[in-house]
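The hints should help you fit chain F onto chain A, whose structure is shown.
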Amino acid sequence: MTASPQTAAPPAKQAQFDHRWTPWAFVAPQLLIVAIFFYWPSVQAVTSSFYLEDPFGFGASFVGLDNYREALGSAEYRQIAGFTAFFAATVTALALGLGLLLAVKADAVLRGAGAYKTALISVYAIAPPVVGLIGMMMFDMHIGPFTRAAALIGWDLKVGIDYWDTAIALITVAVWKQIPYNFIFFLSGLQAVPAAVREAARIDATSRWRQFRDVTLPLLAPTAFFLLVINITYALFDTFGIIDVMVKDKPANNPITLVYKVYLDGFKGNDIGGSSAQSVILMVVVATLTLAQFRLIERRVHYG
Amino acid sequence: MFRTASLVTVLTALGATTALAQTDITWWHGMGGRNGEVINEVAQKFNEAQTACHLTPLSKGTYEEALAAGIAAFRSGEQPDILQVFDAGAATIIAAKGATIPAEDLITGAGKPFDRNAFIPGVRSFYADASGKFIGMPFNSSAPIMYVNTAALAKAGVSAPKTWEEFEAIAPKLKAAGYIPLTASQLTWQFVENFKSRNNQQFATNGNGYDATEGTEIIVNDANTVMMFDKLKAWADAGYFGFYGAGWADNQKPFEEGKAALWIGSSGSFGGLAKTATAPFSADFLPYWQSLGAGKQSFIGGAALFAMAGKPAENTACTAEFFSFLTQPEVQKFYHQATGYVPITTAAYELAKSEGWYESHPVAEVGIKQLMLPAGDWTRGYRMGFFPQIRTIEEREFNRIFSGEVTPKEALATVQTEANALLAKFAKTAN
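Keeping their order, the protein sequence lines are chains A and F. Sequence positions in the first sequence follow our numbering and run 1 to 304. Sequence positions in the second sequence follow our numbering and run 1 to 431.
No lab work stands behind these hints: they were computed from the structure. Any given hint could be a false lead.
Said to hold, decoys possible - Derived CB-CB ranges, DEER-like:
| # | chain 1 | residue 1 | chain 2 | residue 2 | range |
| --- | --- | --- | --- | --- | --- |
| 1 | F | Lys45 | A | Thr118 | 25 to 33 angstroms |
| 2 | F | Ala279 | A | Arg148 | 53 to 61 angstroms |
| 3 | A | Arg148 | F | Thr278 | 30 to 38 angstroms |
| 4 | F | Lys428 | A | Arg78 | 41 to 49 angstroms |
| 5 | A | Leu289 | F | Ser131 | 39 to 47 angstroms |
| 6 | A | Arg78 | F | Glu37 | 40 to 48 angstroms |
| 7 | A | Leu289 | F | Ala72 | 26 to 34 angstroms |
| 8 | A | Pro222 | F | Gly32 | 45 to 53 angstroms |
To be verified - Straight line, CA to CA, 30 angstroms or less: simulated DSSO-like cross-link-like pairs of lysine-lysine:
| # | chain 1 | residue 1 | chain 2 | residue 2 |
| --- | --- | --- | --- | --- |
| 9 | F | Lys409 | A | Lys248 |
| 10 | F | Lys369 | F | Lys259 |
| 11 | A | Lys250 | F | Lys233 |
This one's a predicted model, so the numbers in the text were calculated from it and none came from an experiment. Beta carbons: idealized from backbone N, C-alpha and C, even for Gly.
Just chain A, with the same shape it has in the complex:
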């Protein structure tokens, strides 16, 4: 007797649960975390941004859009916003460019490739404040080797006093910290390019540059797009630790980013309403930016 199963095979990729609530039970912890650590604070920030409140929470008065008006109307805030945009663009461009360059070169290395890659990747393991500390020592105005090296070419590098000197130091350190991350992704992206495609490219293309531009780069596009989003987020938010350490907790006239300004006004200045309004502005900017990236750039990315 041939017993063939009468029930139809369940369609692939569709899990079966005994109860309709079981899947919710599985995702609940994750949703709870997102709700507690993202939605709840976000709602709080939006609410606080419309109030003027004493730090200890004895009373809050509704002030409408005053906090927003004050932030956007302040010349200092606009200047910090300008620097943040410049900083994010520069750090992203340099970190992506150098990461890609090193990955292409590492991909071509045959002997000692392991040591080379390890040396590049290991920097990624260093925590941002430690990176800041290293940067602070390298650019120290009394004993920093970079300061001394700059003096050799007649450049009086004054990190901590001169606005643009500090900007250069911050960008250098922030880029240095991010290169390994980009390097890892680009390298694995390059290694995923099939050997047959590479060989075909080598036959067809006239120069190595053409091979790279016409064949390798389009195949790397999904990786590059992912890294673009990550790097902008990094430059906007994760560089906080580096900035805090390098300006030594006293920003004075040194360049800072919008996130640092939120911290400065909220935590050091006890201005809850103003700092909440600034974080809402930042949330809107980042959401818009991410949306724009997906709408405009991702459409051109070809996922193999």
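Same frame as chain A, now just chain F:
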């Protein structure tokens, strides 16, 4: 090592609690390094001195972080019993009337004696309300003083300046002798706040902010303050004043290395400086302008302890016990000698003096002597909200002065405008 040590402390604390049913109180502070260790030693002395209460100090990072942590904890009902708040944060916590129990009420309410006049004049009003009642309990107190590289002055054949006029006269000689004549570590504290006190200049309307929060405006764009910064800029341009940014240590370093002849630091700096300075040093008062007066006492710097409201009665009683303990001359003397902060009661000062402490440590006496100089109309202190932010604005503008982006007049005008906007905002939140 550290972890093991703290684990042992915690276990001992827990053991002690269960064995004796003590009341546990907590103390959040913003001190690190050696000063943080001394706080633990003070707590230990208190715990050994009596059995009813057990005090546990906890470092919350810097002064600003301690205040922010205390505020956040208060909002969620988890406040410590005692919170250390620094000079610039005084207005914030004093304005929040329901957040603290005035130190004086706390001590007298517990039936313990409290005498305002036992405190040295310079600390009496800084953390007090307009009527003179102590809201905060002065704790670590310091004054900005001038450290002197004695070898440098000998080489240049000059003596330490008492006034800025004298400094102008000797600066070229110090420079010619190969030194940076002057550096200073915190311009906001030393050349704004204590320029006001030493020269008896009004710092804010409403009686330096004591009389009312509403309508208080800062006064920094006046002819005299602008003159002070014009001079500093001119000295910097002439090579008489070295400016190394807003960081404290960067400006202290040239003095430690023996490159600077004079450094304006804190009276609390000498303990550390004794270890790091490469040249022998002495200290003197922060100079004043002879053209403006005879040189008054300076504002107290440092921090005070505040008893947080909303704690059980037995905790509050323990806090009163601890505050009372802190006023004992022996305790004050210990803290003064272990840290370099000034003793805050006359009795403690006399005790240290009678034991010959200042004969072996003359620098340790400079700060307290400066705080005991004659008072003026404008030397009791200032009361301005959002003051940490005001200092941040000052730091930004002062860097711009020395990088040549703005003139001192422009910088101080900006500070005045932005600070007044913050003060107006603070007045709104305080109501």
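Against the structure, the hints come out as follows:
| no. | hint | result |
| --- | --- | --- |
| 1 | F:Lys45 - A:Thr118: 25 to 33 angstroms | violated, 53 angstroms |
| 2 | F:Ala279 - A:Arg148: 53 to 61 angstroms | violated, 23 angstroms |
| 3 | A:Arg148 - F:Thr278: 30 to 38 angstroms | violated, 20 angstroms |
| 4 | F:Lys428 - A:Arg78: 41 to 49 angstroms | violated, 24 angstroms |
| 5 | A:Leu289 - F:Ser131: 39 to 47 angstroms | violated, 55 angstroms |
| 6 | A:Arg78 - F:Glu37: 40 to 48 angstroms | holds, 45 angstroms |
| 7 | A:Leu289 - F:Ala72: 26 to 34 angstroms | holds, 30 angstroms |
| 8 | A:Pro222 - F:Gly32: 45 to 53 angstroms | holds, 47 angstroms |
| 9 | F:Lys409 - A:Lys248 | holds, 27 angstroms |
| 10 | F:Lys369 - F:Lys259 | holds, 27 angstroms |
| 11 | A:Lys250 - F:Lys233 | holds, 21 angstroms |
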